[in-house]
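*Asks:* Starting from the given sequences, assemble the full structure and let the hints guide the process.
The lines below spell out each chain.
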Amino acid sequence: MIIELGHFALILAFVLALAQASLPLIGAARGNAALMAVARPAAFGQLIFLLLAFAALMYGFVTSDFSVQVVAANSHSAKPMLYKIAGLWGNHEGSLLLWVLILAIFGAAVAGVGDNLPATLRARVLSVQAMIATGFLSFMLATSNPFTRLIPAPLDGAGLNPLLQDPGLAFHPPFLYLGYVGFSMAFSFAVAALIEGRVDPAWARWVRPWTLAAWCFLTIGIAMGSWWAYYELGWGGWWFWDPVENASFMPWLAGTALLHSAIVVEKRDALKSWTVLLAILTFSLSLLGTFIVRSGVLSSVHAFATDPARGVFILGFLVLVIGGSLTLYAIRAPILKGGGIFAPISREAALVVNNWLLATACATVLLGTLYPLLMDALSGGTDKVTVGAPYYNATFTPLMVPLMMMMALGPLMSWKRGDLAGVLSRLQFALGLSVLSMLVVWYLREEGPVLAVFGIGLGVWLIGGALTDLAERIKLFRAPFATSFARAVGLPRASWGAMLAHGGVGIVVLGITASTAWTEEKIILMQPGDEATVSGYVYRFIRAEQGPGPNYTALRGQFEVSKNGAPVVSLEPEARSYPTPPMDTTEAAIYPMLSGDLFAVIGNPQGDKGWSARLYFRPLQSWIWAGAIIMAIGGVISLSDRRHRVGAPRRAATPIGGAPAPLAAE
Amino acid sequence: MTRKQRRLYSVIGAMVLLGSAVGLVLYAVRDTLVYFYSPTEVAQKHLPPDRNFRIGGLVEEGSVVRHADGTNIDFAVTDLQTRIMVRYTGLLPDLFREGKGVVAEGRLDSDGKFIASSVLAKHDENYMPPEVADALKKSGQWVEGEPTHYDPPKEEE
Chain U
1 MIIELGHFAL ILAFVLALAQ ASLPLIGAAR GNAALMAVAR PAAFGQLIFL LLAFAALMYG
61 FVTSDFSVQV VAANSHSAKP MLYKIAGLWG NHEGSLLLWV LILAIFGAAV AGVGDNLPAT
121 LRARVLSVQA MIATGFLSFM LATSNPFTRL IPAPLDGAGL NPLLQDPGLA FHPPFLYLGY
181 VGFSMAFSFA VAALIEGRVD PAWARWVRPW TLAAWCFLTI GIAMGSWWAY YELGWGGWWF
241 WDPVENASFM PWLAGTALLH SAIVVEKRDA LKSWTVLLAI LTFSLSLLGT FIVRSGVLSS
301 VHAFATDPAR GVFILGFLVL VIGGSLTLYA IRAPILKGGG IFAPISREAA LVVNNWLLAT
361 ACATVLLGTL YPLLMDALSG GTDKVTVGAP YYNATFTPLM VPLMMMMALG PLMSWKRGDL
421 AGVLSRLQFA LGLSVLSMLV VWYLREEGPV LAVFGIGLGV WLIGGALTDL AERIKLFRAP
481 FATSFARAVG LPRASWGAML AHGGVGIVVL GITASTAWTE EKIILMQPGD EATVSGYVYR
541 FIRAEQGPGP NYTALRGQFE VSKNGAPVVS LEPEARSYPT PPMDTTEAAI YPMLSGDLFA
601 VIGNPQGDKG WSARLYFRPL QSWIWAGAII MAIGGVISLS DRRHRVGAPR RAATPIGGAP
661 APLAAE
Chain F
1 MTRKQRRLYS VIGAMVLLGS AVGLVLYAVR DTLVYFYSPT EVAQKHLPPD RNFRIGGLVE
61 EGSVVRHADG TNIDFAVTDL QTRIMVRYTG LLPDLFREGK GVVAEGRLDS DGKFIASSVL
121 AKHDENYMPP EVADALKKSG QWVEGEPTHY DPPKEEE
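So the protein lines, in turn, are chains U and F.
Every letter in the first sequence is one number past the one before it in the working numbering, and letter 399, counting from 1, is 399.
Every letter in the second sequence is one number past the one before it in the working numbering, and letter 27, counting from 1, is 27.
It is possible that some hints are incorrect.
[Claimed, not checked] Derived pair list, reagent style DSS-like, types lysine-lysine, alpha-carbon separation capped at 25 Å:
#	chain 1	residue 1	chain 2	residue 2
1	U	K522	U	K609
2	F	K4	U	K337
3	U	K267	U	K475
4	F	K113	F	K4
5	F	K45	U	K416
6	U	K522	U	K563
7	U	K267	U	K337
8	U	K267	U	K416
9	U	K267	F	K4
[To be verified] Simulated restraints on C-beta separations:
#	chain 1	residue 1	chain 2	residue 2	range
10	F	M15	U	Y59	53 to 63 Å
11	F	G23	U	L491	41 to 51 Å
12	U	G490	F	L8	35 to 45 Å
It should be emphasised that the hints constitute simulated quantities derived from the structure, not laboratory data.
Glycine included, each C-beta is placed from N, C-alpha and C at the ideal position.
*Replies:* Put into structure tokens, the structure is as follows:
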């Protein structure tokens, strides 16, 4: 019964979305306030009905109602509660429901806090949001209904893939979706602005917080995903340039570019049409990403064949959204006149170059991701190719190097006309630190490789640049300390956020470089009592024994790790066997330290020759995630800035409704 | 600086960047594409030993031999028409099973043995890599809808 109510709520949400997509748009065009007013209650209603639908499906998962098809296919009565809940979004239908629910949350947020938005703009934004919702809801109802019953009901479920039974992955999809769907706000604002024919600094001030929030979620979501791959897949890899990973990385790159170009619109009233285009592209890439993951179009072209209706629907929807918004852009963009002009050496110009590099890098990733599909289609299925890490190392990385070199310069540049020599002289400290670190690393690691030494220098340059930026702003060493402290306290949170985010990138670069270049790995057979030395750490194999877990059995190994005779840690990796679905997983034991990760994996016994073991030392590994978290924290701090608070900004002189309000102090 | 000049600079800058990106991509695509072949295609094509590529098929039943050092493993990959011997050094992924689909990347040595640098694990036990399914189709050993060879992939993250 509850399941049917959920199904009914989903249908009601769809009907409301239809109304919300059409009526306010007509109202805004005709200046009909009554029609425009439909948007707000419709957005709230959609949220309520989708919450009900979500709760109903959750009820199905929690009570293990196997008469519901998705529950039977993805859950099992013996599963821990956390994974029964996470099982909801661990599958195609359920994850779509989560997607539209998040979309409705964002829609309701605009409806709720967007009081200072001009009435027509808000009506149009909500209407565009509802169009996206309509597309997704009709897709769900037509081809992927989570409430489909299974008759007769099986006695027990098929179980959730054991690899996905992991706390890191339980929360990975919601974060990723909050990011993907968050970019829909930028998209809706962009399309609404195109319809209105007006993009101004106030518009950018409305769009930035949403974009920033989405960016923070996406950053965390990607970091969680790569962290999961690192410790769950058991061989120390953390990024594979897999289509599914690229699917989340492309919107991140485009979103990062959007974040920066929106600053130029806000502060300088320039780059308007480019920013609108970026907003459209970012969300289009998010959509593409959702579908790559959810439909398997790329990892397997055959996903189309297994359910042609789904594939055709997906393609149609993508064409409609991307084609429609780009057509609108082509028609309306010429009326968006640029405002402030700037010199080739200026903060604006630096941000333009940032955008070129990020957009180009994003394009190379897109090309690499879609290339196998193109080759397959062009050759008629005879040429099967894969595009792997070497491609991205040759295309993506060279584009990142100039970007990072510039990243330290940009924030120190002044608007309109910058002084390159002055900026460089202020960066002497960062440059010196960077050169020094390269020399030290070169001395410690004579064998290089040269590129890794350079990478370390680049990372230090970024961190040094962020520190210089801070020191400049608070006049450190140039004013009395008390003055500097007062300035630091009074510094806008957005500035702190930007510095943290840029410094975080530096930390990520250091982590990537060191762990890629200097990881030491040993794969050996060990008997209890055997020792192996990896990068100066002595792994002593104590024992391995079989034992039970909540819903699996596990082989547990124990390694005592010591350095120079002093004990460091005891590592206990597991090799688990799950009965439903029957599958083995590897649980690596990882001990993260500032200097690097100790990492041990135990394999099955090889007769009487002992157990196979995989032992690593991965220098600065956890810096990758620490840096990503710092970037996200920077975003959150920036978001808490008074000027960025969602819904806070006002348009200087509002042409339609609303009283003129003073601009927030710059 | 006038608006026109600024636009010119922007366009030139973007062109230079796009040009270099296209160059990078073309260069990278030429050198880094990894082709996929079925064991039968490997036998027909006489691939040079320095060429990196992927093979896929089923791990032949009873062919897995673990060497005394514990980390070298030999096995045969078959599309049920041709078999190719593979050597891999390291721990095999959890999903590696005799009779199941496998994809390996590496190159041929002078004896025609495939030296795998990586053996790919897929997330799902029933998941047959599409390339393997194709390889089996090509060798005429594929029967659509026959569960012993292939179960449709489950949704996976």
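*Asks:* Compare the structure with each hint and give your call.
*Replies:* Status of the hints after comparison with the structure:
no. : hint                        : in the structure
1   : U:K522 to U:K609            : holds (17 Å)
2   : F:K4 to U:K337              : holds (13 Å)
3   : U:K267 to U:K475            : holds (23 Å)
4   : F:K113 to F:K4              : violated (63 Å)
5   : F:K45 to U:K416             : violated (61 Å)
6   : U:K522 to U:K563            : holds (17 Å)
7   : U:K267 to U:K337            : holds (15 Å)
8   : U:K267 to U:K416            : holds (11 Å)
9   : U:K267 to F:K4              : holds (21 Å)
10  : F:M15 to U:Y59: 53 to 63 Å  : holds (57 Å)
11  : F:G23 to U:L491: 41 to 51 Å : holds (42 Å)
12  : U:G490 to F:L8: 35 to 45 Å  : holds (41 Å)
The structure does not agree with the numbered hints 4 and 5 stated previously, though it agrees with the rest.
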